[in-house]
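First to last, the sequence lines map onto chains A and B. Residues in the first sequence are numbered consecutively from 3, following our numbering. Residues in the second sequence are numbered consecutively from 424, following our numbering.
Think of the hints as simulated: they come from the structure by calculation, not from any bench. None of the values given here were measured: they were computed from a predicted structure. Glycine included, each C-beta is placed from N, C-alpha and C at the ideal position. Each hint should be verified, as a subset may be incorrect.
[Claimed, not checked] Computed Cβ-Cβ distance ranges for the label pairs, DEER-style:
(1) A491/B - R58/A: 48 to 58 angstroms
(2) R536/B - L148/A: 54 to 64 angstroms
(3) V132/A - S633/B: 13 to 23 angstroms
(4) L504/B - Q8/A: 47 to 57 angstroms
Chain by chain, the residues:
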Amino acid sequence: MIAVLQKLDQFGRNLMPLASTLLLVLLTMVPVVLPGFTAIMPAWGLMAVYYWVVFRPDLLPTSAAFAIGLLQDLLSGTPLGMNALVFVVVHWIVLTQRRFFVSTSFVVLWSGFALVVLIAMSVSWLSYSVLSLTLAPLDAALFQALLSLTVFPVVAVLFIRLHRAFLPA
Amino acid sequence: MKPRATGSVLRIAAPLRALAQRFSFLLLVLVAIALMLVGKIDTIVIDNIRGRIDDAFVPVMGALSRPAATAARVIEGIQELAGIRAENQRLRAENAALLQWQQAALKLESENRTMRDMLHVVPDAAISYVSGRVVADAGGPFVRTILVTAGRRDGARKGQAAMAGPGLIGRVIEVGETSSRILLITDLNSRIPVIMESSRQRAVMSGDNSEQPRLLYAVTDVPLQIGDRVVTSGHGGTLPPGLPVGKVASVTDHGIRVQPMVDLSRLEMVTLVDFGLATNLLGEAPKPGALP
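With the hints as extra help, turn the sequences into a complete structure.
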């Protein structure tokens with residue numbers, strides 16, 4: 003009985019990366035009454051995907067990243083598959099380079115995110131431009147990337163706490 | 424749970440797993456690209472799926488957006504408190520002016536009615552409204568859409584005009600059972616046929632993801648003035664004529680820009696208006712009694 007409960011408990015804890023990523027993606031779409039803020043809303047979901055793929059890729063597989071990206075596409079009205087593609091590409095890149103990010107200091111983690119946010123911006127801008135057959139404006143996308151990069155440490159600290167509380171090594 | 428593998432099994436399994444991982448990555452990339460193409464080609468099926476998902480998440484988004492809305496209201500309340508005296512004075516003056524306008528409107532209305540009677544004008548189809556709360560926006564740099572809590576069940580239909588207060592804010596592009604999505608007039612894909620209220624010059628108002636949409640194809644025989652009111656022209660038959668959209672904000676060599684009538688970053692409630700126009704162009708059955 004206790005073993006079953008323990009398994010259940012562990013199962014719940016293991017869901018935490020997925021749940022927190024989902025929540026952050028939903029938070030992106032909460033209306034904020036600040037002029038012009040919607041367009042440059044930080045990419046909270048991207049931060050979550052980055053953090054969890056660096057530290058617990060086993061708990062946030064590529065398929066989960068894909069599904070969450072797809073959900074964001076469906077809910078936010080972006081072209082179907084755009085965010086899914088971004089999340090999958092980011093997932094793959096981080097997974098192949100994670101040894102480099104995971105081992106060292108916070109600054110390295112942060113600069114890794116800078117790279118990721120740049121890649122994410124390029125992929126989404128490119129796919130949106132191709133799909134709408136125009137050159138989409140870059141300014142808002144750039145500002146969003148910069149803002150995401152700026153607030154990343156706050157979110158990362160939050161994640162480190164969550165990580166320690168729910169999934170102690 | 425990791426399988427307890429012996430050395431030799433591991434030697435075979437590890438590359439296999441890497442291969443499977445790489446394969447799944449490629450597969451998912453291909454699926455994403457395929458979805459983009461499908462979304463471009465078959466919009467009806469995708470819109471239906473979007474509608475279902477939106478319906479499912481509207482309660483969640485509604486709950487998430489409450490605290491944000493409350494916080495914003497509190498901050499706004501404090502800001503307003505500071506200027507309450509000046510605001511009161513301004514409102515008194517405005518009220519006096521509006522009362523005069525009301526007299527004028529009443530006079531015009533009765534005159535209008537008599538003239539319609541004399542000319543036997545066919546009356547416009549009845550207008551019906553449905554209002555919903557804004558629970559989600561796009562939250563990203565590429566699209567300008569919002570999700571509201573009014574759906575098919577409440578009478579929302581694809582193609583309806585979405586208004587907030589005095590002006591047009593967009594069009595309904597997708598309807599679920601309890602939710603609908605509105606393409607704002609600032610979106611890159613928004614094109615609204617408009618007309619200058621005073622000079623009757625036609626143009627197309629085209630969003631470009633900035634705060635102020637551009638006016639395209641404006642025939643400028645009479646130069647446009649900053650502050651000219653822009654209203655819908657009704658061409659194309661999806662929107663009725665005469666809905667206020669905005670005011671001309673700038674006229675430069677690079678183009679003419681329109682300041683929307685409504686502050687699109689502060690939308691809380693949105694009204695979807697059914698003007699009884701025949702919307703068969705949008706794949707919906709024309710309603711009996713609709714305007715010819």
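Hint-by-hint comparison with the structure:
Checked against the given bound of 48 to 58 angstroms, the beta carbons of A491/B and R58/A, roughly 29 angstroms apart, lie outside it. In this structure, R536/B and L148/A meet the distance hint of 54 to 64 angstroms, their C-beta atoms being roughly 58 angstroms apart. For V132/A paired with S633/B, a C-beta distance near 21 angstroms keeps the hint of 13 to 23 angstroms intact. Take L504/B and Q8/A: their Cβ atoms lie about 55 angstroms apart, and the range 47 to 57 angstroms holds.
The structure fails to meet hint 1 from the earlier list, while all remaining hints are met.
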